Amino acid sequence: MCRDVTVQFSAEVHNKISSSVPSSPCDKGEWSYLNGLRSADPTFGLPRHIDNLIGADVYPSIIEPNIIHGGSGFSAGW
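Quick note: the sequence shown, position 43, residue 37 per the numbering used here, numbers continuous.
Simulated from the structure, these hints should not be mistaken for laboratory data.
The model shown is predicted, which means the values in this text are computed figures rather than measured ones.
Cβ-Cβ distance ranges computed for the label pairs, FRET-style:
(1) Gln2 x Lys22: 30 to 38 Å
(2) Ile56 x His8: 16 to 24 Å
(3) Asp45 x Thr0: 17 to 25 Å
(4) Ser4 x Ala34: 20 to 28 Å
(5) Gln2 x Ser26: 36 to 44 Å
(6) Ala5 x Gly30: 28 to 36 Å
(7) Ala34 x Gln2: 18 to 26 Å
Cβ coordinates follow ideal geometry from the N, Cα and C atoms, glycine included.
Whole structure, please, built from the sequences with the hints as guidance.
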């Protein structure tokens, strides 16, 4: 399902991008359409700091081919 991607972009280094995300813990069990999928971050439902922020100009070229659509307008990409 995944493919190799090469993307060129500019980067900036900042001490802090935002506060912790999500703002409170969430249970991925509420999203049954994610059952059976291997997550790149198994602790994504726990509040944590952001390590990298990818711009909207780069994101589609990395994620679009691997989108999995779920309910309530939610999409996940790998």
